[in-house]
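Chemist: Spelled out from the first residue to the last, the chains are:
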Amino acid sequence: MSGAAAWAGALQALGLFAADPLGLGGIAVRAGAGPVRDRWLKILYDSLPPGMPVRRVPLNAGDDRLLGGLDLAATLQAGHLIEQKGLLSEADGGVIVLPMAERIEPGAAARLRAASDEGQVTLQRDGLSRVLPAHIAMVALDEGADPDEHVPTSLLDRMAFLIDLTKVSLRDIEYDDWSGLPSARPLVMAGEGKHPLVMAGEGPPSTPLSGAASQGVDGGPSPAMTEPSGPSPAVTGGAGAVHRATDTAETAKIIETLCGVAMSLGVDSIRAPLFALRAARIAAAQDGRSGPDTEDLSLAVALVYGPRATRLPPQEEAEAPPEPEPPPEDQPEPPPPDDEDQEQIPDLPLEDIVLEAAIAALPPDLLAQLASLSNTKGQVRMPGRVGQAKMSLKRGRPIGTRQGEPKGGARLHLLETLKAAAPWQTLRRRAPEHGPKRFEVRRDDFRIVRFRQRVGTTTVFAVDASGSAAMNRLGEAKGAVELLLADCYVRRDQVALIAFRGTGAQLLLAPTGSLLRAKRSLAGLPGGGPTPLAAGIDAAMALADNIRRSGRTPIITFLTDARANMTRDGSGGRPKAEAEAMESARALRATGIAALMVDTSPRPNPFARTLAAEMGARYVPLPYANAAALSHAVRAAAA
Amino acid sequence: MSTRPVFPFAAIVGQEDMKLAILVAAIDPGIGGVLAFGDRGTGKSTTIRALAALLPPMKVNQGCRYHCDPATPDVWCADCRATAKHKSVTVPVPVVDLPLGATEDRVVGALDLERALTGHKVFEPGLLARANRGFLYIDEVNLLEDHLVDLLLDVAASGENVVEREGLSVRHPARFVLIGSGNPEEGELRPQLIDRFGLSVEVRTPQDLPTRIEVIRRRDGFENDPIGFTEHWKKAQDKIRRRIVDARGKLSGVAVPEIALENAARLCMALGTDGLRGELTLIRAARAVACLDGDKEITDAHLRRVAPMVLGHRLRRNPLDEAVASTRVNRAVEELFGA
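Just so you know, the sequences run in chain order G and R.
Just so it is clear: in the first sequence, position 43 is 43 by my numbering, and no numbers are missing.
Just so it is clear: in the second sequence, position 117 is 117 by my numbering, and no numbers are missing.
It should be emphasised that the hints constitute simulated quantities derived from the structure, not laboratory data.
Here a beta-carbon is modelled for each residue, glycine too, at the ideal position from N, C-alpha and C.
One or more of the hints may lead you astray.
[Said to hold, decoys possible] Below 25 Å or equal to it, Euclidean Cα-Cα: the simulated SDA-like pairs (lysine to any residue) are: (1) 253(G) - 205(R); (2) 87(R) - 70(R); (3) 253(G) - 287(G); (4) 167(G) - 504(G); (5) 253(G) - 221(R); (6) 121(R) - 78(G); (7) 419(G) - 122(R); (8) 419(G) - 115(R); (9) 253(G) - 211(R); (10) 407(G) - 163(R); (11) 234(R) - 85(G); (12) 87(R) - 71(R); (13) 576(G) - 565(G); (14) 419(G) - 444(G); (15) 407(G) - 167(R); (16) 235(R) - 252(G); (17) 234(R) - 58(R); (18) 419(G) - 440(G); (19) 85(G) - 59(G); (20) 121(R) - 422(G); (21) 478(G) - 526(G); (22) 419(G) - 168(R); (23) 121(R) - 404(G); (24) 167(G) - 146(G).
[Said to hold, decoys possible] So the derived label-pair ranges between C-beta atoms look like this: (25) 112(R) - 58(G): 31 to 37 Å; (26) 211(R) - 53(G): 34 to 40 Å; (27) 486(G) - 190(R): 17 to 23 Å; (28) 231(R) - 410(G): 50 to 56 Å; (29) 190(R) - 45(G): 40 to 46 Å.
Bound-form chain G, shown alone (with noise of 0.2 Å):
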């Protein structure tokens, strides 16, 4: 897709989500910082309804931040409990804005999804009980520098659009429709976001905790408060009349176009019709159509399913550009299927027309990503390279306080426990106990500091999958990769696995926790092709190199019979591929990476063993590795 072109899909998302921001969940831009993005911000916040709250979610915000907490000066001087609200809660009937979404944390993710699914924050914290009203929706701006690190899926798979503003150019926004959008489609809805169009919480309406919540909640969600966001009628006025009359023929009739359309489209997630039945309505609605025709499924599949197909139809497969270059980076754009040019055959089924209009919009390298999606589905991703230099000095970093006592090497935090000891000092005072001393801290209040949980090792495997591995027993490397992996799973640590064959490497798993996962990426390991194994080198080390710098130890774990003969440039040759493989083993030597090189030739390698030396990794042959003697080879490598 060119820039332009890009950038048009960006500005329809655009206009469908700031009618509806709520509706549609979010959206996701994938861009670097720029002054692309920041037009494309720019024009978001002015189309936005005019007081819509708008908040910045930093990266590492705490949970009291985050969710909202005791607002202890307050409540020492007024003498009653005062809460702090967070930002989920100030945003509600907004938008959140997440920089750097690509590195948010598990964690933090979970308590966006129950936000976002609930339209409401649950505080059980410091001595608080409340249910506050936090309908959001999220604008996440993914600056990950590879295909490999993007928002957490779970955060994607809550929000109707995905956008890719990384190849728009200064001269797309300037040059080009940024301007001059087809009024039928205006970027502002002023008049619209009067009366908004649909305002309904995307996530199940929850049940609100029964009994429990009800009581103790001062100040909680009054009528007046969640009514504009509660689910209501989808269309305004007239329309949802006419909505409503049509429904059981006219909506039964979309709704199974948008799924069967879905499901050609291989778009798995059961939000995603959803999304686009939603945003189909916006576009009619904004076009003052009653309900979506053909054109406006077109828009909304197009929009919503894009960027989440995983496979094109059967028919169009001809079509798709075979084997596409692994490296997506710097390559010449391939001229781009038009978005605008459907043409409307009346005769097709209604189905065809929209599946057209979405693999239409479809990015030209989809088959490139396709690989890396159906690999790291549900991954999350780790934190990237962005400012985290400093970070890689410790293992671990502080995230909050808890309850518990300084021993066992836990560290006291003398602020927070004062803190906890402070709203008790009245009651203290009381006490018969209580000598002259002016503060009173007890065990009870001892805040520890905790640090990122469960440091842990991440062992990164690279196999080589050329045809030589493959005829030199690559099966007998996956066994050996099986026994590594259930060590790995008695010690808690994380897998990756990187394949290398034919031109270069491919990530086949980033770091996971999940054994089964590792096992079956690796069954699904095919064989075959050259040994690019400067390729495989340089992978396996940019990706520890990754894990280092988010707080764990990488340990790289090779499993090659290094018969190199493809260099990095993709032309064959062994003397140049050897070379380039040495000169990629010394640099992982220079980071201080710990490797281990399993020889899967049928007789020991010279070579391998050679390469070994200069990567300063162990050298184990496989022929006389069995399952303990490699499980210690690893061991001795994290050592």
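The hints should help you fit chain R onto chain G, whose structure is shown.
Modeler: For chain R alone, coordinates are given in the frame of chain G:
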């Protein structure tokens, strides 16, 4: 605040295992909780939150903060014991959320901070107290902080919560059905916690088109007109509620024939599950299903239906055997009972 309508349990499409597990836990709370693990967007939370609207109300001592049951004075809290006369009232069964980010004091209870500021010592019960005799729901249970998990394990095992704070010592009953949901791809659950759940179900995104269409239609119908939608499903809801009530009444009357006991034992042996809890839970769950179906005794059919959800998470863990444990259970079931 609970004016916001909840998607009706009866209107949930598919997910039969999860629905059955929840009904079984509602009929016999002693079975020990439900763990629902699976894909995103499969309606895990929706189903569990729909539970509250479905449960028949319960009788409690009026004013008791722990919902003490008038019928069982032997497990009353200290407050109820201290009071001579009790009036019993009917209240909804609590379904309490334990949100991520909850602090320890709110989970176990602590001194009422508000009152403490003015120098009074009053115990403010926490979530565990609220959940007594009801359900405690933890969404994203695999992301729950370790120290909260420890607390839960302790209380879930003893059925009692003990709080010591500022010279105040409170001990109160905390018997609840633990319900957890989560996505295994986001983190593993500690084996000790898994062990606390009587039933576990794997939840998947429906893959067939008609089901998916129906899911979207109902969702859309609900969002467009929640009140009308709820009204439309009221009859079906009432029917399920009656089934729960009926089933509870029949629980003690269901016969457990020798052959059922034997088959349960053989199944557990074949699968190599640890301890007797698997067998016990298998029988209890089968009994609850028999009640639900209105049957008079446990048959193989009941055992077969509950075996995957009872035994799936009790298999000895072998990370590299395809973790779809239900497949292993089904294999064993087929070997024992025939295909």
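Chemist: Run every hint past the structure and note whether it holds.
Modeler: Hint-by-hint comparison with the structure:
1. Distance restraint check for residue 253(G) and residue 205(R): the Cα-Cα separation of roughly 22 Å lies within the 25 Å cut-off, and the hinted pair is therefore satisfied.
2. Among the hinted pairs, residue 87(R) with residue 70(R) is consistent with the structure: their alpha-carbon atoms are about 8 Å apart, no more than 25 Å.
3. For the suggested pair residue 253(G) and residue 287(G), the alpha carbons sit about 21 Å apart, so the restraint of at most 25 Å is met.
4. This hinted pair checks out: residue 167(G) and residue 504(G) have alpha carbons roughly 24 Å apart, not beyond 25 Å.
5. Restraint check: the Cα-Cα separation between residue 253(G) and residue 221(R) comes to about 14 Å, which is no more than 25 Å; the hinted pair holds.
6. The straight-line distance between the Cα atoms of residue 121(R) and residue 78(G) is roughly 18 Å, inside the 25 Å bound, and the hint therefore holds.
7. In summary, the hint linking residue 419(G) to residue 122(R) is supported, as the alpha carbons are separated by about 20 Å, within the 25 Å threshold.
8. For a cut-off of 25 Å, the pair hint linking residue 419(G) to residue 115(R) stands: about 17 Å separates their Cα positions.
9. With a C-alpha separation of about 15 Å, the suggested pairing of residue 253(G) with residue 211(R) holds against the 25 Å cut-off.
10. Under the criterion of a C-alpha separation no larger than 25 Å, the hint pairing residue 407(G) with residue 163(R) is consistent with the structure, at around 21 Å.
11. About 37 Å separates the Cα atoms of residue 234(R) and residue 85(G), which puts this hinted pair outside 25 Å; it is violated.
12. Taking the CA atoms of residue 87(R) and residue 71(R), the gap is about 12 Å. The hint holds against a cut of 25 Å.
13. Pair hint residue 576(G) plus residue 565(G) holds up; C-alpha atoms about 8 Å apart against a cutoff of 25 Å.
14. With a C-alpha separation of about 12 Å, the suggested pair residue 419(G) and residue 444(G) falls inside the 25 Å cut-off, and the hint holds.
15. A hinted pair counts as satisfied when its Cα atoms are at most 25 Å apart, and residue 407(G) with residue 167(R) qualifies at roughly 22 Å.
16. Simply put, residue 235(R) and residue 252(G) have alpha-carbon atoms about 23 Å apart, close enough for the 25 Å limit, and the pair holds.
17. For the hint linking residue 234(R) to residue 58(R), the alpha-carbon distance of about 20 Å falls within 25 Å, and the restraint holds.
18. At most 25 Å may separate the alpha-carbon atoms for a hinted pair to count; residue 419(G) and residue 440(G) meet this at roughly 12 Å.
19. For the suggested pair residue 85(G) and residue 59(G), the alpha carbons sit about 18 Å apart, so the restraint of at most 25 Å is met.
20. At roughly 15 Å between alpha-carbon atoms, residue 121(R) and residue 422(G) fall within 25 Å of each other, so this suggested pair holds.
21. For the hint linking residue 478(G) to residue 526(G), the alpha-carbon distance of about 11 Å falls within 25 Å, and the restraint holds.
22. At roughly 21 Å between alpha-carbon atoms, residue 419(G) and residue 168(R) fall within 25 Å of each other, so this suggested pair holds.
23. For the suggested pair residue 121(R) and residue 404(G), the alpha carbons sit about 22 Å apart, so the restraint of at most 25 Å is met.
24. Only pairs whose Cα atoms come within 25 Å are accepted, and residue 167(G) paired with residue 146(G) is accepted, the gap being roughly 13 Å.
25. The hint said 31 to 37 Å for the Cβ distance between residue 112(R) and residue 58(G), and at roughly 33 Å that hint holds.
26. Take residue 211(R) and residue 53(G): their Cβ atoms lie about 38 Å apart, and the range 34 to 40 Å holds.
27. At about 19 Å, the CB distance of residue 486(G) to residue 190(R) agrees with the hint of 17 to 23 Å.
28. Distance hint check for residue 231(R) and residue 410(G): the Cβ-Cβ separation is about 55 Å, which falls inside the suggested range of 50 to 56 Å.
29. At roughly 44 Å, the beta-carbon separation of residue 190(R) and residue 45(G) lies within the given 40 to 46 Å, and the hint holds.
Consistency with the previously given hints fails for number 11 only.
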